[in-house]
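Novice: The listed protein sequences derive, respectively, from chains X and S.
The C-terminal position of the first sequence is numbered 282 in this note's numbering, with every residue numbered one higher than the one before it.
The C-terminal position of the second sequence is numbered 289 in this note's numbering, with every residue numbered one higher than the one before it.
Since the hints were made in silico from the structure, they are not lab data.
Small disclaimer: the values here were computed from a predicted structure and weren't measured.
Check before you lean on any hint, since a few could be wrong.
[Unchecked claim] In the SDA-like style, the derived pairs of lysine to any residue whose C-alpha atoms are separated by at most 20 Å in a straight line are: (1) 139(X) / 279(S); (2) 279(S) / 269(S); (3) 132(S) / 36(X); (4) 10(X) / 192(S); (5) 7(X) / 192(S); (6) 7(X) / 95(S); (7) 3(S) / 172(X); (8) 139(X) / 254(S); (9) 111(X) / 279(S); (10) 132(S) / 28(X); (11) 191(X) / 24(S); (12) 111(X) / 19(S); (13) 139(X) / 24(S); (14) 3(S) / 168(X); (15) 3(S) / 179(X).
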Amino acid sequence: MRRATGKRAKQARVNTAVLSVLLLLLLASTLFPLYWMVATSLRGEASVMKTAVDLWPRSPSLRNYVDVLKSGPFARYFFNSIVVSAAVVLGNLLFASMVGYAIARRQFRGKRLVIVGIVSMLMVPRQIMMIPLYLLISKLHMMNTYFALTLPFLVDAFNVFLISQYVLSLPVELEEAARVDGASDMNIFFKIVLPLSRPALAVVAINTFLVNWNSFLYPLILTNTERMRTLPVGLALYSQGEHSVDWGHLTAGSTLCAVPIILVFLLFQRHIIEGITAGAVK
Amino acid sequence: MHKTRSTLIFLSPWLVSFAVFWAFPLIFSLVLSFLHFNPLRPDTTHVVWLSNFVKALQDPLFWKSLKNTLLFVAGTVPVTTLVAFFLAVAINQRIPFRTLYRSGFFIPSIVSVVVISIIFKQLYSPFGLVNKLAELLGSEPRSWLSEPRTALLCIMAMDVWASFGYYTILFLAGLQAIPLEVYEAARIDGSGFWGTLRFVTIPMVRPITLFIVVINTIRSFQVFIEIFVMTRGGPLNSTLTSVFYLYDRAFYRFEMGYASALAYLLFVVILCFSLVQMKYLKMGRAAGE
Numbered sequence: 001m002r003r004a005t006g007k008r009a010k011q012a013r014v015n016t017a018v019l020s021v022l023l024l025l026l027l028a029s030t031l032f033p034l035y036w037m038v039a040t041s042l043r044g045e046a047s048v049m050k051t052a053v054d055l056w057p058r059s060p061s062l063r064n065y066v067d068v069l070k071s072g073p074f075a076r077y078f079f080n081s082i083v084v085s086a087a088v089v090l091g092n093l094l095f096a097s098m099v100g101y102a103i104a105r106r107q108f109r110g111k112r113l114v115i116v117g118i119v120s121m122l123m124v125p126r127q128i129m130m131i132p133l134y135l136l137i138s139k140l141h142m143m144n145t146y147f148a149l150t151l152p153f154l155v156d157a158f159n160v161f162l163i164s165q166y167v168l169s170l171p172v173e174l175e176e177a178a179r180v181d182g183a184s185d186m187n188i189f190f191k192i193v194l195p196l197s198r199p200a201l202a203v204v205a206i207n208t209f210l211v212n213w214n215s216f217l218y219p220l221i222l223t224n225t226e227r228m229r230t231l232p233v234g235l236a237l238y239s240q241g242e243h244s245v246d247w248g249h250l251t252a253g254s255t256l257c258a259v260p261i262i263l264v265f266l267l268f269q270r271h272i273i274e275g276i277t278a279g280a281v282k
Numbered sequence: 001m002h003k004t005r006s007t008l009i010f011l012s013p014w015l016v017s018f019a020v021f022w023a024f025p026l027i028f029s030l031v032l033s034f035l036h037f038n039p040l041r042p043d044t045t046h047v048v049w050l051s052n053f054v055k056a057l058q059d060p061l062f063w064k065s066l067k068n069t070l071l072f073v074a075g076t077v078p079v080t081t082l083v084a085f086f087l088a089v090a091i092n093q094r095i096p097f098r099t100l101y102r103s104g105f106f107i108p109s110i111v112s113v114v115v116i117s118i119i120f121k122q123l124y125s126p127f128g129l130v131n132k133l134a135e136l137l138g139s140e141p142r143s144w145l146s147e148p149r150t151a152l153l154c155i156m157a158m159d160v161w162a163s164f165g166y167y168t169i170l171f172l173a174g175l176q177a178i179p180l181e182v183y184e185a186a187r188i189d190g191s192g193f194w195g196t197l198r199f200v201t202i203p204m205v206r207p208i209t210l211f212i213v214v215i216n217t218i219r220s221f222q223v224f225i226e227i228f229v230m231t232r233g234g235p236l237n238s239t240l241t242s243v244f245y246l247y248d249r250a251f252y253r254f255e256m257g258y259a260s261a262l263a264y265l266l267f268v269v270i271l272c273f274s275l276v277q278m279k280y281l282k283m284g285r286a287a288g289e
C-alpha cells in the first residue's frame, strides 16, 4: 500500500517535471520573436545582413534608435500616440462612467433601447463604418487633427458595460444617505460613486490604453500627413517604402511601439486580466 | 423632474456618440451602398439601387477575398482554440511558475499587430531565420511571403502565435470557475486524467468556449493589419482578404459606393456565422446534458 502511494507520488513528480520542461520550452519559443526584435534593433547597420544568425549582437549599439528618433519621424509618432491614448483614456474615465452610472442607478423611459444600443455597438464590427466615418470627419474639416483621432472613441460601449456592472454591485445606501443630507446629483457622482468605483476605473483606463495604443485602421484613414501619424500607423507606412528591408531601423521602431505596452502590462496585469475575463465569465 | 434632467446629462455623452459615430454612419453607409460615389468626383454621384450588390456578386475578386478570409478563419480559429485550451489545462495543474506562464504567454497578444507583422516579415524573409532553420533541416530556402502557395499559410501561423495567449487567459478563467467538488467527485468515481477532461472539464467550459470561438471568428474575419504590412494582398491576390479588399476599393480607387456594398455584405456574412455558431454550440450543450 505504502509502496503504491510512493510510486504514485513519484509518477506525479515526473509528470510535473516533464510538463514544466515542455511549458518552459513553449514559453521560450513564444517569446523568441520579441527577443529577436530587440536583438536585431541593437545591431549596427552593417552587421544586420552579415551576422543574421547571431543570437546576440556582437557590439550592441543604440544607433538605430537614435536614427529613427532623430532623423526619422518616430519622436513625433510617439508623441501623437501618447496624446491620443491619454485623451481617449480620460474621456472614457469620465464619459463611460457617467453613462454606466445612469444605466445602473436610474430608471428612465427608453432604458431598454439604450441597452440594446450599447449591445449592438459591441456586436457590429467597426470596419463596416470606415467609409462613412472618413467622409464625416473630412466634411467636418477634422482630417489630420487630434479631434478626429479621439472624438469617435471617447465613449466605448464595453467600458460603459463594465462600469454599470460595477456600480450595480455597490451598496446604494451611501448615495441615499448623501441625498438625504442634501448632496446634489453631481456631488453624489463625483464624490461618492467615482471614488468607490476606482477598481473598475483602473480596468477601464488600462484596457482603453491597450486598445488605443495599438489602434490602426481609423488612425490610418483619418490622417494623411506625417505629422499626425500615430506610432503603429507611422511604423507600418515606414515599412512600406524605401525602408522595407531596413530591419535595424524597423525593429527599433517596433521596439519603441511594443515596450510601453509591455511595461503597462507587467505593471498592471492583474487589472488587465480582470478586464478581459469580466466580459467572458459573466 | 429634476432627476430626469440629470439622467439626461449623465446619458448625453453616449447619446451624442451613438448618434454621430454609430447610428449615422451605419445608415449613411447603407445609403452609400445604393450610390455610385467617388469623393474625388462628386459630380458623377448618382443612384444605382442594387447594382453595387449585383456587381459584387459577379466580382471574382470579391469571391477570392471572401474565400481567403474563410480559409483564414477556418485555419486559425480551431487551431488557436485547441492550443489555448490545452495550454490552459496544463497551466491549471499544480505546477511551479504558474504566474510566469500566465503573463508570459499573454505578452504577444498585447503587442501591436503592426510590430508582430514586421518581426515575422523579417523572420520569413529570404535571409531570415525561418530559412536558416529550413536549411538546417535540409530543405530549400524559400521566399515564404512571395509565393502564392505559402503566403497565406505563413500569415495564419503568425496569427495563431500572436493570439493564443489571449484565449488561454480566457480558458483559465473558465477552468478556475469550475467548483473543486466536481473534480473531487470525478476522482472518487475513479476517472483518470483523460476521463475527467472529457466528461468534466470540456462540458464545464462550453460557455466560455462559445464566447472564445465567436469573438475569435469575428476578429479573424476582420484580418487587415497583417495583410497591409506584409503582403498588401499579393502575391497574385493569394492573401487578399475581405477587409483589405474593401479598404483597397474605398481608399485607393475611391469607389466608396461599391466599397460600402462590400462592407454590408461582409457584415451579413459575419452576422450569419456568429448566429450559426451560437446555435450550434448551444445545441451541443443541450445534447450533452
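Novice: Hey, residue 139(X) versus residue 24(S), does the alpha-carbon distance stay inside 20 Å?
Specialist: 14 Å, holds
Novice: Is the hinted pair residue 279(S) and residue 269(S) satisfied, with a Cα-Cα distance of at most 20 Å?
Specialist: Satisfied, since the Cα-Cα distance of roughly 16 Å is no more than 20 Å.
Novice: Could you grab the alpha-carbon distance between residue 10(X) and residue 192(S) and see if it respects the 20 Å cut-off?
Specialist: The hint holds at about 17 Å.
Novice: Check the hint pairing residue 139(X) with residue 254(S) against an upper bound of 20 Å on the C-alpha distance.
Specialist: 16 Å, holds
Novice: Would you mind confirming whether the straight-line C-alpha gap from residue 132(S) to residue 28(X) stays at or under 20 Å?
Specialist: At roughly 19 Å apart (the allowed maximum being 20 Å), residue 28(X) and residue 132(S) satisfy the hint.
Novice: Taken at face value, is the distance from the CA of residue 179(X) to the CA of residue 3(S) at most 20 Å?
Specialist: 12 Å, holds
Novice: For the pair we were handed, residue 111(X) and residue 279(S), check the Cα-Cα distance against 20 Å.
Specialist: Given pair residue 111(X), residue 279(S) is violated - Cα atoms ~28 Å apart, limit 20 Å.
Novice: Check whether the Cα positions of residue 132(S) and residue 36(X) lie no farther apart than 20 Å.
Specialist: Cα-Cα ~14 Å, so holds.
Novice: Need the status of pair residue 7(X), residue 192(S): alpha-carbon distance at most 20 Å?
Specialist: Distance ~16 Å between residue 7(X) and residue 192(S) Cα, so the pair holds.
Novice: Does the alpha-carbon distance linking residue 3(S) and residue 172(X) stay inside the 20 Å limit?
Specialist: Answer holds: residue 3(S) to residue 172(X) is near 16 Å, not above 20 Å.
Novice: For the pair we were handed, residue 191(X) and residue 24(S), check the Cα-Cα distance against 20 Å.
Specialist: The hint is violated at about 35 Å.
Novice: Is the hinted pair residue 139(X) and residue 279(S) satisfied, with a Cα-Cα distance of at most 20 Å?
Specialist: 42 Å, violated
Consistency with the previously given hints fails for numbers 1, 9 and 11, ordered from lowest to highest.
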